[in-house]
Amino acid sequence: MVGLVILGAGLAFLLAPERASNESFGKAIDRLLLADPNLLREQYCLQNMNYREDTVLISTADRRTQSWMALLTEAGLYSGPETITTQHGFFTQTRLRFSKTEAGRKATHNNALCIADGLEVAEVLHFTPPQQVGQTEVSLVTVRLALRNPMPWTKTAQARQLERTLENAHSESARNEFILMRQDGKWVQANQSTLAQARTQAREQEQKSERTQEGAGFFANLAALFGFGPSNPILGVWSFEMIPGVSSRFPESVT
1 MVGLVILGAG LAFLLAPERA SNESFGKAID RLLLADPNLL REQYCLQNMN YREDTVLIST
61 ADRRTQSWMA LLTEAGLYSG PETITTQHGF FTQTRLRFSK TEAGRKATHN NALCIADGLE
121 VAEVLHFTPP QQVGQTEVSL VTVRLALRNP MPWTKTAQAR QLERTLENAH SESARNEFIL
181 MRQDGKWVQA NQSTLAQART QAREQEQKSE RTQEGAGFFA NLAALFGFGP SNPILGVWSF
241 EMIPGVSSRF PESVT
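Just so you know, this note's numbering puts 48 at position 48 of the sequence shown, and the rest follows in order with no gaps.
Possibly wrong hints are sitting among the right ones.
Distance condition first, Cα-Cα at most 20 Å in a straight line; then the derived SDA-like pairs of lysine to any residue [as the list claims (entries may be wrong)]:
1) K186 with S24
2) K27 with P17
3) K27 with H126
4) K27 with E137
Quick caveat, the hints were computed from the structure, so don't treat them as lab data.
Quantities reported herein were computed from a predicted structural model and do not represent experimental measurements.
I would like the entire structure built from these sequences, with the hints used as guidance.
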């Protein structure tokens, strides 16, 4: 009988709805980031040059790009360089050719070089108390993200000196905001219908607050987000610069 009571208590604990807490929201966002690697990919993939092609040709006079390619070659992402000389009438042009390795192909996505496996939550900075949107509870969660399994070469002093974008990858001020809803007891990404309803409520609350000159709290935050267009904020398609205090820089890496 005691065993059944303990088992029942354990099942009740496992089946209980997730609370609104830093831990619950952090785990929910981590699940979301793992399930969709394309989400916020621009925050961990560099686009400082063209990574689409398997070969890179640079001028021998371009010292900065040579230093960057030397770093990527040392990291095993490219091989070379091979000196290529071409004749154009009376002029001779000498360039260096670097070839992408298999490791380099795995690290590139379209025209970007990914410097980590993805993103993860480093810290939940703030969340709004869950608000009822239709039949669903919704919360706006602000987090600081970190690079998940960053490539070792990105941590070197040489990499930081050569590419300022990598310095931004270690910024402590980068923040992201996610709109989550509770579904079947779990916090998940808010779906389009919930977002549409939240947008409507945010507009109504904004109009009411303008009449009463009172703040709208959670819905004021939503109105600020939705005011920049119809895009779902969680998809990372809007400009961070539109939201005061939110940086578009890469997150820091966790060591």
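Of the hints stated earlier, which fail here?
none
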